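For chain D, the structure is supplied; the task is to place chain U on it using the hints.
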Amino acid sequence: MAFENNGLIAIAASLAVGLAGLATAWAQSNIGSAAVGATAEDDKNFGKGLVLTVIPETIVIFGLVVAILLMGNIN
Amino acid sequence: MLKPARMTRVLVAGHKDRMESVLSNLQDAGAVHLEQYRDPTGSTRPGTSLAGSDEVSEKLVQVRALIANLEVEGNAKEIASERSEEWLDQAREEILPALDDVQARAEEIHGVRNALATLEPFRNLESDLTEAQELNSVDVRIGLAKENPAQHLGGKVPHEVDFDPSTGATVLLHTEAARDAVAKALQLAGFQDVTLPARTKGTAKESITRLNRVLEEKLAAHATAVNKVDSLRTSWADQLASLEAKLAHDVELASAPHRLGMTAQTFQLEGWVPVAQLSAVQASIAKEHGESVLVESLGDAPMESLHAHHDDDHGHHAEPEDEAPTQLQNIKLARPFEFVLGLLGKPRYNEIDPSTLMLIFFPLFFGFMVGDVIVGLAIVGIGLFLRKNYLFGLGGNGVAKPIIYGGIISIFVGLFLFGEALGMHFALDAEALEHGEHSWESMIYGKEAVIAGEAGFPCEGLFHKTGCDDAAAHAIAGDNLAVHAEEATHEYGLFEPHHKVHLAIGAVPLGIYSKIADIQALLLISAIIGVVHLNIGFLFGIRNIAKMHGVKLAVQEKLSWIIIQLALAGVILANVMSLGTTVLYASLGLLVLGVGLLWAGVQHTLGAGFISILEIPGFFGNILSYTRLAAIGASKAGMALAFATIGFELIGGVLGWILYVLAFVGITILAVLASSLQSLRLQFVEFFSKFFEGGGRAYQPFGGKRV
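Chain order of the listed sequences is D and U.
Counting along the first sequence from 1, when you hit position 10 you're at 13 in the numbering used here, and nothing is skipped either side.
Counting along the second sequence from 1, when you hit position 115 you're at 256 in the numbering used here, and nothing is skipped either side.
In short, the hints are calculated from the structure, not lab data.
Owing to the predicted nature of the structure, the values given are computational and were not obtained by experimental measurement.
We treat Cβ as the ideally placed atom computed from N, Cα and C, and that holds for glycine.
Among the hints, a few may not be true.
Cut-off 25 Å, straight-line C-alpha distance, at most; resulting in silico cross-link-like pairs (SDA-like, lysine to any residue) [what the hints assert, rightly or not]:
| id | chain 1 | residue 1 | chain 2 | residue 2 |
| --- | --- | --- | --- | --- |
| 1 | U | 641 | D | 51 |
| 2 | D | 51 | U | 545 |
| 3 | U | 218 | U | 441 |
Cβ-Cβ distance ranges computed for the label pairs, FRET-style [to be verified]:
| id | chain 1 | residue 1 | chain 2 | residue 2 | range |
| --- | --- | --- | --- | --- | --- |
| 4 | D | 39 | U | 830 | 24 to 34 Å |
| 5 | D | 33 | U | 807 | 23 to 33 Å |
| 6 | D | 33 | U | 333 | 45 to 55 Å |
| 7 | U | 673 | D | 26 | 22 to 32 Å |
| 8 | U | 158 | D | 39 | 51 to 61 Å |
| 9 | U | 427 | D | 39 | 49 to 59 Å |
| 10 | D | 33 | U | 245 | 43 to 53 Å |
| 11 | D | 39 | U | 364 | 36 to 46 Å |
| 12 | D | 33 | U | 189 | 49 to 59 Å |
| 13 | D | 26 | U | 537 | 27 to 37 Å |
| 14 | U | 803 | D | 33 | 48 to 58 Å |
| 15 | U | 343 | D | 39 | 48 to 58 Å |
Isolated chain D, as found in the complex (with noise of 0.2 Å):
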């Protein structure tokens, strides 16, 4: 098997953006029903339910920026 350098980039960029996907999808899977459950109980809560819900978007955007940066290096 032949390693080449671009093809390990293109790995290393989609660990990246998929690894820190998961974290983000499991963060706000937890915080999104608590919310739709706090929403139910009282409509007002809607808005910072939707909030914090949308507050773990920080890890996977991290992780796309990294992965763009890695792409800028493929040759």
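Relative to the frame of chain D, chain U by itself:
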């Protein structure tokens, strides 16, 4: 604009006989936010409700019940109190019977339907059901069985059975003597009695036909009753709403004395009034009572708290309940952001009101993340639609207006910064086109022709293409590998755009950066925007804390951050630009000073100073968080690139275009959701955490409109 309306505490006192009329005056003025009267000396008691408050409350409950039962929502108008009496009686006379009517009809229909359901299995039997029941010497069992019970009866038992195998309906006639045998046989057959409906007559089929007729009549009657209620609903909607408003007004007045302090002969009242309306309130009371009622303005310091509080070096910190209520005053454009801010919490009285800041930054961030002319237009359209309609529970002005503003800024950013419309640049250089990207120029003039330099946007004139010479050189070079190699190894500067060819109007280039190719530059720009935004937050934080907790804490908690940033910038620049060791050591010293100040500040607030060291990486996290501005734009551009390749290369033609446009419907929805939420999140989490405290009380004036 940046601060809530200035309030002043007002004290009104007078003889208790004047209390009712003073309260009425204040209610009409609609400017005083009443506070519960707090008397540390203990010589006053809270007042009791005005006379007649019970009846008014009861009427209000009746009207609200009518409104709830009718499910109306009308517009309230002013009415006089005499009308309200007769209206209430009239309403109850008309509406309640109509509602009962509908209810009764519905129940009747329900009963008839039940009867039909019970009779349905017996439809195919020919026995006359009622005849059988009238016989005296013969018993009859009617019900549903799993199999024909006659099988289990011996020949000796005289019986007559009518059995429908498809439904299991059974009518079994037998003599009294055979009762036990029949019972056993029925049990073996899995029989269950069925009580026939009261109005059964004749065979099942006849009954069913008759009941169906009855059902139609009842349905018609029900429909008339429902129509009557609907017409009542339209005619009474506004009147009921006005009635409710008037009665609520009266109840508010009647229960107001609970918040006053009464002695044997006097009443005392405390509340907050906007400074702008103070003289109007004073005038309205003076007009009726002259000098007999005292109206005194006490300034806007927080009320003395009767709660136990710990004394620390700065004296007591005011609790939010003791401060003046917050009445936001902003330009009309910023109103929707007041609503959005309300989701997080109202600003406290002494805080900066960030609604105008949100008005400035939210559309900017939104536009930067979307950055596309046609998508921006679509977003403006969506916003206009959402103003009056609701989609998935979201809608109304508070949601629609920010989206509209964001859409407008997206159009400008898409036009001037990115030069993109519907995911494609206006014009691209030849090598980008060769790599598989598309541009409007290549769509209009044909990709090959543009690469070869034979066709394309004009190079001269008002609407012209920049970089024509490079394009021509590229075309001449053709397959010259040396030229391509040189282009491939070109080192791009930090902020240098990768694409050299743009469409331009006069001297203004339409489009500088490409979201995918220039991602590194855009990430840096986002980080710089982040630093600027956060420092604006710190400046406001300094102002807020100085106002609420004192200048020393402000310097320690917020100014220290700015010092730390300057120091780090100094250290980095000293190394990069070789400014010499003096600058380096000065910066290091400044860094130590900044961290020390922050330590002291955190020590004071949280009790453990070393947390300040933990907060510094958090700050860098906040800056990096702003890279989402570029990242979200890049992700949408990536999707557009994918769909362009599928649509135009793999499928092609009109079908390809249709696919591309449909894909962009999806991308637009994602763009609206992601951009608005992330934009909001950047404001709420990163920006506000630098200065916003929240927890203020809303200004709810006595007699003012209910919000």
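> Within 49 to 59 Å or not, the Cβ separation of residue 33(D) and residue 189(U)?
Replying inline: Given a distance of about 51 Å, which is inside 49 to 59 Å, the answer is holds.
>> Is 22 to 32 Å respected by the C-beta to C-beta distance linking residue 673(U) and residue 26(D)?
In response: 30 Å, holds
> At the C-beta level, are residue 39(D) and residue 364(U) separated by a distance inside 36 to 46 Å?
Replying inline: 39 Å, holds
> Taking the CB of residue 803(U) and the CB of residue 33(D), does the distance hold inside 48 to 58 Å?
Replying inline: Since residue 803(U) and residue 33(D) have Cβ atoms about 34 Å apart, the given range 48 to 58 Å is violated.
>> Tell me if the straight-line CA distance from residue 641(U) to residue 51(D) falls inside 25 Å.
In response: 45 Å, violated
>> Can you confirm whether the C-alpha distance between residue 51(D) and residue 545(U) stays at or below 25 Å?
In response: This hinted pair holds, its Cα atoms lying about 22 Å apart.
>> Against the range 27 to 37 Å, how does the distance between the Cβ atoms of residue 26(D) and residue 537(U) compare: consistent or not?
In response: At 35 Å between Cβs, range holds.
>> Please check whether residue 427(U) and residue 39(D) have a Cβ separation lying inside 49 to 59 Å.
In response: The hinted range 49 to 59 Å holds for residue 427(U) and residue 39(D), with Cβ atoms some 55 Å apart.
> Does the alpha-carbon distance linking residue 218(U) and residue 441(U) stay inside the 25 Å limit?
Replying inline: 35 Å, violated
> Using the C-beta atoms of residue 33(D) and residue 333(U), is the stated range 45 to 55 Å upheld?
Replying inline: 50 Å, holds
> Within 48 to 58 Å or not, the Cβ separation of residue 343(U) and residue 39(D)?
Replying inline: 56 Å, holds
> Taking 43 to 53 Å as the hint, is the beta-carbon distance of residue 33(D) and residue 245(U) inside that range?
Replying inline: 50 Å, holds
Of the numbered hints listed earlier, those contradicted by the structure are 1, 3, 14.
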